[in-house]
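Engineer: Below, each chain spelled out in residue letters.
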Amino acid sequence: MAVHKSNLLTDSLKGASQVFFMENPLSGILFFAAMAYASYASGVWATTIGAAIGVVIATLTARLLDCDDKSIASGLFGFNGVLVGAALPTFIAVSPQLWIYVVVGAAASTVVTAAFSATLTAKWGIPGSTGPFVLTGWLMVAGAYSFGGLLVTGDAPKLTTDYVQGMATISQPIELVQIFFRNIGQVYLLGNEISGAIILLGIFIASIPAGIAVAAGSLVAMVVSIGMGADPAVVSQGLYGFSPVLTALAVGVVFLKTSPKVMVYALLATVTTVFVQGALDVMVAPAGIPSFTAPYVLTMYLFIAPKKLLAPHPHRPVVGHMVGHDHTEAALSTKTT
Amino acid sequence: MAVHKSNLLTDSLKGASQVFFMENPLSGILFFAAMAYASYASGVWATTIGAAIGVVIATLTARLLDCDDKSIASGLFGFNGVLVGAALPTFIAVSPQLWIYVVVGAAASTVVTAAFSATLTAKWGIPGSTGPFVLTGWLMVAGAYSFGGLLVTGDAPKLTTDYVQGMATISQPIELVQIFFRNIGQVYLLGNEISGAIILLGIFIASIPAGIAVAAGSLVAMVVSIGMGADPAVVSQGLYGFSPVLTALAVGVVFLKTSPKVMVYALLATVTTVFVQGALDVMVAPAGIPSFTAPYVLTMYLFIAPKKLLAPHPHRPVVGHMVGHDHTEAALSTKTT
Amino acid sequence: MAVHKSNLLTDSLKGASQVFFMENPLSGILFFAAMAYASYASGVWATTIGAAIGVVIATLTARLLDCDDKSIASGLFGFNGVLVGAALPTFIAVSPQLWIYVVVGAAASTVVTAAFSATLTAKWGIPGSTGPFVLTGWLMVAGAYSFGGLLVTGDAPKLTTDYVQGMATISQPIELVQIFFRNIGQVYLLGNEISGAIILLGIFIASIPAGIAVAAGSLVAMVVSIGMGADPAVVSQGLYGFSPVLTALAVGVVFLKTSPKVMVYALLATVTTVFVQGALDVMVAPAGIPSFTAPYVLTMYLFIAPKKLLAPHPHRPVVGHMVGHDHTEAALSTKTT
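These protein sequence lines are chains A, B and C, in that order. Residue 1228 in this note's numbering sits at position 326 of the first sequence, with consecutive numbering throughout. Residue 1237 in this note's numbering sits at position 335 of the second sequence, with consecutive numbering throughout. Residue 993 in this note's numbering sits at position 91 of the third sequence, with consecutive numbering throughout.
What the hints contain is simulated information worked out from the structure, not anything from laboratory work.
Because identical chains cannot be distinguished in the list, a pair is counted as satisfied if it fits within a single copy or across any two copies.
Pairs of lysine-lysine residues, derived as DSS-like cross-links and limited to a Cα-Cα distance of at most 27 angstroms, are as follows:
(1) LYS1163 x LYS1209
(2) LYS1209 x LYS1025
(3) LYS1159 x LYS1025
(4) LYS1159 x LYS1209
(5) LYS972 x LYS1163
With the rest of the complex left out, here is chain A:
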């Protein structure tokens, strides 16, 4: 344990960076800076504090459960925890019970991550990615309606920095630029374009191809969601873009070997994710929960599952492209086989 403790900060920062499949403490610092900026702009700090608690608790839980050391050190047991920690204070008002909820939720996210790894990844070759966050987050937000100590803020979930609400059309070019960056920021539940720009910088620092894929995903999401006539107020907040951004990155760069054919495949996956975003928003509404990154998770699972049909060396991460990167989710898969 002594050996572990010296690296808890680094492991946690890598965990934050793994939300975008990076394993880079500097990216993690920038992602936290993006959260802090949004908290500063909105005056709501619980989300950033929750994210910090979440990633530390999730990483510590993985150590206590004797999970694979290399995976822990790569941040692979932290990225679902950081999202749980950021999401719960976004949708639930601050109270003593909220912090108990964040701690238990982050610890549980590590168990769920290990469960996905032992089944979906080890048996079916599908990376768990942020699926454990979606499942844990759904259960925790839905559960909050049942407990008097937890107040879900609004029937239709509202995000920390939804200051754009109420606009009817997307008319200004400047607004398209804002959407482009908000699409990226919303991966961390941040509807703030400056935060999105900081996050994009953090990705480019770790991997140029990853940054390009993220930018392309954001553009595709904008074109498709506006072209299909999605609600401008929702598009404007970046809520149609964050899942497609992750799909473009995951399918186009991280889990398949980039090639012209894979790029077409990733384009189909990204467009499909926009449609699935529209679908899941409708399907989870009766339960009063947000869709989180479920549109990405579902689409990515379906597009990665048949990977053998696509390339002789599928599911190979872009090892060479990432700074200081020698394990990815693929490594986790191998470990637990």
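Model the placement of chains B and C on the given structure of chain A, informed by the hints.
Structural biologist: Positioned in the frame of chain A, the structure of chains B and C alone reads:
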């Protein structure tokens, strides 16, 4: 690719026939004739056109993704696409965006088919069957509510040929005959008894036992749904019968070797499917989507999964019974193992 | 078959005892006594009769399908049937169609049990436990809304012995004692503290550690649900406790080898189950169905799946602790591999 192209029409017609597990171009022609007749009767041609686009796009996508050639030639990558193409114009009004939706949905259905094949079939021995259609169709119809360019026609989904609505009881023997055939027609979302009769003819042409199973499934569904007091207006449209028809065929003939014991097992499965139909209609209603063939898919998965308990040679298709039949979904399973 | 028939009563009583992972006919007798006492107190006997029919039909179905003999003799094909048989008359008014429903539902529960065993257990190492009951029960209760011959009693499901409804706070110590026992009784859908006490006795007879885990689970559920501010009327009926009771027993004693670390892990799992209970109550409400033991099932699946991370000999039942116990669900897993 040159070798492929010569067979696109045949592959697509086989794809249409695989909705009933047949691999017979002539059956496919009759199934398209059934759709065309219903379109002629209702004046709505978008469903038949959508089905044609769907099966061609799905088959072409499978070729582009280098899916297994024999499976493509057997129509196994087309039958989910033909259903997606028929279903979307059934529930969504015609618009430019609808056709984009049909093309993307059909292409995605091939990816989903490959995903089910690589996991459910290859790892758990359960045929995907029309599960990919159900998943893709649910997501596309639910998604349509989110996009201004797509208009879901009616809160409670209505089918193309629902001209029977409003009746209160089932009193005439002639109506029981109509229901018998509509139960079969509704597999292709056709509430038209003539279409149902054409489809049944197409099945008998390919396989006598298959035709008998389909007819028996339709009768069992009628007896159980009327006996349990299901809504006569819904029963009359054939909406309680199409999933049981598929269950009777799949469990009694296609995936298990027909025997007296398997026939009792298929009877239990068929009765269960009627109950699951009632259940899923209730469960998916809050999301505003139809249950499609999900009652069949869920019941069949559950009854086929433990097949080793039933027979020494389970999951063996009735090869000898089918004209020109040498691959079935079972073959797909073997290919991808 | 002749050899079988002589043991049908014993097999069925063991089936009843397997709801709590025991394989002890005497426990089964006490569990039936608990149901009978609640029926006597409420005047509703359909639940106890349904339970008896359910376990016998489920066990007979397993024999007809040639399921593994040892598993049948251990009651492993009966415990989902007994719960289906107890649950359907709890939520659906008595009618001729109800009894058809109970028989078909119990028979189907055996198929679902075999399906879970062949996939989740054999392929992923996760015990099915009461998952088949939850799935079958959900479908049957939801389906009842569609059939005129079946009357779901109340929109919000009410339980047989909900005579405690209407209370606003939990003020008396005596009430905490009642909740403690109702938490256990509700595993059999019995909101009756005397029934709960009889069941606890039946568990202690079979295994002291199991009895301790059940008592601890009930206490943890009380503390967490009251501390988080759950609806006192619901807490008072024991509806926040029955799933945590099963989680504490399953994770702490049955599927993992008890140790200090496993006890902490089981504590986290038990607390999580209380939250998941709150979540699933909200999530299944739109479909008009009760959550049944789904909070236990989902949490247990997630906490057992990564078992290799926890202990060198995980998933080993406490063979030595149980009277007359030589097969458990783990044995089922091995059989079907």
